[in-house]
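Number of protein chains: 2
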Amino acid sequence: MSKSFDIAVIGATGTVGATLVQLLEERDFPLANLHLLASSESAGQSLPFRGKNVRVRTVEEFDFSQVRLAFFAASEQVTRVHAPRAQAAGCSLIDLSGALPVSQAPRVVPEANAQILKTLQAPYQLTSPSASAAALAVVLAPLQALLTLRRVGVTACLAVSSQGREGVADLARQTTELLNMRPLETRFFDRQIAFNLLAQVGQADESGYTVVERRLSTELKQVLALPELKVAATCVQAPVFFGDSLSVSLECAAEVDLAAVRAALEGAPGVELVEADDYPTAVGDAVGQDVVYVGRVRAGLDDAAELNLWIASDNVRKGAALNAAQLGELLIKHYL
Amino acid sequence: MSKSFDIAVIGATGTVGATLVQLLEERDFPLANLHLLASSESAGQSLPFRGKNVRVRTVEEFDFSQVRLAFFAASEQVTRVHAPRAQAAGCSLIDLSGALPVSQAPRVVPEANAQILKTLQAPYQLTSPSASAAALAVVLAPLQALLTLRRVGVTACLAVSSQGREGVADLARQTTELLNMRPLETRFFDRQIAFNLLAQVGQADESGYTVVERRLSTELKQVLALPELKVAATCVQAPVFFGDSLSVSLECAAEVDLAAVRAALEGAPGVELVEADDYPTAVGDAVGQDVVYVGRVRAGLDDAAELNLWIASDNVRKGAALNAAQLGELLIKHYL
Ligand SMILES: NC(=O)c1ccc[n+]([C@@H]2O[C@H](COP(=O)([O-])OP(=O)(O)OC[C@H]3O[C@@H](n4cnc5c(N)ncnc54)[C@H](OP(=O)(O)O)[C@@H]3O)[C@@H](O)[C@H]2O)c1
Ligand SMILES: NC(=O)c1ccc[n+]([C@@H]2O[C@H](COP(=O)([O-])OP(=O)(O)OC[C@H]3O[C@@H](n4cnc5c(N)ncnc54)[C@H](OP(=O)(O)O)[C@@H]3O)[C@@H](O)[C@H]2O)c1
Chain A
1007 MSKSFDIAVI GATGTVGATL VQLLEERDFP LANLHLLASS ESAGQSLPFR
1057 GKNVRVRTVE EFDFSQVRLA FFAASEQVTR VHAPRAQAAG CSLIDLSGAL
1107 PVSQAPRVVP EANAQILKTL QAPYQLTSPS ASAAALAVVL APLQALLTLR
1157 RVGVTACLAV SSQGREGVAD LARQTTELLN MRPLETRFFD RQIAFNLLAQ
1207 VGQADESGYT VVERRLSTEL KQVLALPELK VAATCVQAPV FFGDSLSVSL
1257 ECAAEVDLAA VRAALEGAPG VELVEADDYP TAVGDAVGQD VVYVGRVRAG
1307 LDDAAELNLW IASDNVRKGA ALNAAQLGEL LIKHYL
Chain B
1007 MSKSFDIAVI GATGTVGATL VQLLEERDFP LANLHLLASS ESAGQSLPFR
1057 GKNVRVRTVE EFDFSQVRLA FFAASEQVTR VHAPRAQAAG CSLIDLSGAL
1107 PVSQAPRVVP EANAQILKTL QAPYQLTSPS ASAAALAVVL APLQALLTLR
1157 RVGVTACLAV SSQGREGVAD LARQTTELLN MRPLETRFFD RQIAFNLLAQ
1207 VGQADESGYT VVERRLSTEL KQVLALPELK VAATCVQAPV FFGDSLSVSL
1257 ECAAEVDLAA VRAALEGAPG VELVEADDYP TAVGDAVGQD VVYVGRVRAG
1307 LDDAAELNLW IASDNVRKGA ALNAAQLGEL LIKHYL
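Line by line, the protein sequences are chains A and B. To convert, note that position 286 of the first sequence is 1292 in my numbering; the numbers rise steadily by one, no gaps. To convert, note that position 111 of the second sequence is 1117 in my numbering; the numbers rise steadily by one, no gaps.
Any given hint could be a false lead.
Because identical chains cannot be distinguished in the list, a pair is counted as satisfied if it fits within a single copy or across any two copies.
As the list claims (entries may be wrong) - Pairs of lysine to aspartate or glutamate residues, derived as EDC-like cross-links and limited to a Cα-Cα distance of at most 20 Å, are as follows:
#, residue 1, residue 2
1, K1009, E1335
2, K1236, D1309
3, K1009, E1032
4, K1058, E1032
5, K1236, E1261
6, K1009, D1034
7, K1339, E1031
8, K1124, E1335
9, K1339, E1032
10, K1339, D1034
11, K1058, D1012
12, K1058, D1034
13, K1339, D1012
Read the hints as simulated data drawn from the structure, not as lab findings. Predicted model, so just to flag it, every value in this text is computed and none were measured.
Please build the complete structure, drawing on both the sequences and the hints.
This is the structure in structure tokens:
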């Protein structure tokens, strides 16, 4: 039995939304009609899908009873306003903005906690976690049978595309200005991002943490079902267009068996292990790929219960659009 | 009583050496004649010093009995070959290459372990530690009275200038080629460094660690006199010309008193603390400055005995030339 429904993508003209639309076509996603929604700024534009041009409309005028599933790939604010309308219309949704509380829309990474879907009811509300939480969960999930994780230390160097179209445009502009010896004028980023690293992404709260760091910590614990895990998270803005890089240090309850770790990662779904004589990079390996790359797998210098890793992942694909598409496929296959 | 001697700088035409020569002038370093040495490639060139042009000569032909102190700012190989000649001539030396074992030439950061000089004898042999170890030591030394450090987790994002002139030239070349839509040709870096992060700097050994990571760990423990400290070190190559950025996570024996940490950093020599509503960056703050910047000072999200920091430092100044100049000043003032 093959089911297919009408589906909506909100934020279809954005970095994540446009990739999601491509993936829905590439993966032959089981859908009949696709509704593309955005703000009034790009309403009227068309995007290609299955050989036709689909007109973009505003989300405000959209009647959610027309679709069984909606992907929310716009801002938190858009999700906050329109998710209740979708729910009232009986439409299930997959949110990418992180606007909904974990209790209402659990974070799901199919390779790690697909089983949580069984505990939910229609209309379904799921969240695709932040890009760095998704990448980390894909790599740590297959290690959970081997290791008792005590603490995850992670420095996530995020691509400017994690800030959407404006982040990408601003890195390009700044780099060109600097190479042309023009004085730097700041726009989207409030200081020089070209040839620099910014110590934080967004505003910090009174305890010093940013939203992306809190999301990374909360979402990782939820997806791995490890509420007691200690997470030390730092999210940094890197002058990289696409692809997140994560430097990860794990503290485990006992000595780490490196051969077993490598074997588990070799066989893990969604993971590509890079051997010790090489290492993965965001741009060279991960971008444009469905898998999350992991390399530099090594025990601690001073602690045999420590495991260090480097993860490179496409923030727009597995970090967002691909993970959401996979969640949609699961919902349609088993639940809708 | 003011003493001044003749002094030599080996590698005077390089990234570190040229900055060191500038600093010797800026700081009015107590020296009579300055001998500038390099390879035969740049012998014959002149560099300005105190209003005169000083001719560069080859280190091979240099007679070390002419000087009381020599700075070794060329390769490890140059130190290995010529340090014994300096020593035989009774010349003290400050090495920047890391070629000499800790037992022979201890790592010294004046703000942290200047007292070690008292235990040595002429001719003195000191090492200025790697740039990231020096930056970290400057920040951690003033916290040692407050905190019992158990583990230091550090991801050090190194500037391409940490690879010398060739690293700087290659990032500039790659960036220009990519912005001009030309296919990337690799030269000094064996893959794309522009708009990317490389997971390691140099070759890894069979346990997966690179020389810079092992140096960071060994040198930090030696400078802080904490042989039992656990260090989890990852050194990454960032597409940044000048300035290292360190994401640091400390595990302490007891709950961290943040106010006391901030007060200790406020008053610490060589440290500039950036308050919580702002953060330092390598390019915007540290480069060209003598102080090491620290910010994002925050307790763990899940652990009150965890302290997280961000450090931005000029790898060529405090990371090398400045620290070496300070060591030279100490030697001349108290020991030579
Ligand atoms: N980029 C990533 O790596 C990443 C990863 C994980 C999650 N996310 C999340 O995914 C969401 C989209 O991010 P993005 O990177 O794709 O951003 P983006 O490139 O800036 O695109 C934003 C999208 O939202 C739409 N939009 C903005 N305001 C709207 C409104 N009032 N009503 C309807 N649509 C509106 C825009 O439409 P117009 O064309 O009309 O302006 C555009 O389609 C964000 O919540 C982000 O946090 C992003
Ligand atoms: N850059 C940093 O951030 C940093 C920080 C800490 C420590 N260090 C260390 O400092 C040292 C110098 O680094 P750098 O960044 O200045 O490198 P660099 O820019 O590549 O300069 C290398 C210098 O070494 C000289 N040299 C090379 N081969 C020589 C030989 N056979 N005999 C005499 N001189 C020779 C070069 O002279 P020519 O002009 O004749 O080639 C040049 O002056 C290295 O050991 C490095 O590890 C560097």
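Comparing the hints with the structure gives:
no.	hint	in the structure
1	K1009 <-> E1335	within (10 Å within a copy, 78 Å between copies)
2	K1236 <-> D1309	both (18 Å within a copy, 7 Å between copies)
3	K1009 <-> E1032	within (18 Å within a copy, 76 Å between copies)
4	K1058 <-> E1032	within (14 Å within a copy, 68 Å between copies)
5	K1236 <-> E1261	both (18 Å within a copy, 15 Å between copies)
6	K1009 <-> D1034	within (12 Å within a copy, 80 Å between copies)
7	K1339 <-> E1031	within (17 Å within a copy, 73 Å between copies)
8	K1124 <-> E1335	within (15 Å within a copy, 70 Å between copies)
9	K1339 <-> E1032	within (17 Å within a copy, 72 Å between copies)
10	K1339 <-> D1034	within (13 Å within a copy, 76 Å between copies)
11	K1058 <-> D1012	within (16 Å within a copy, 79 Å between copies)
12	K1058 <-> D1034	within (15 Å within a copy, 73 Å between copies)
13	K1339 <-> D1012	within (14 Å within a copy, 81 Å between copies)
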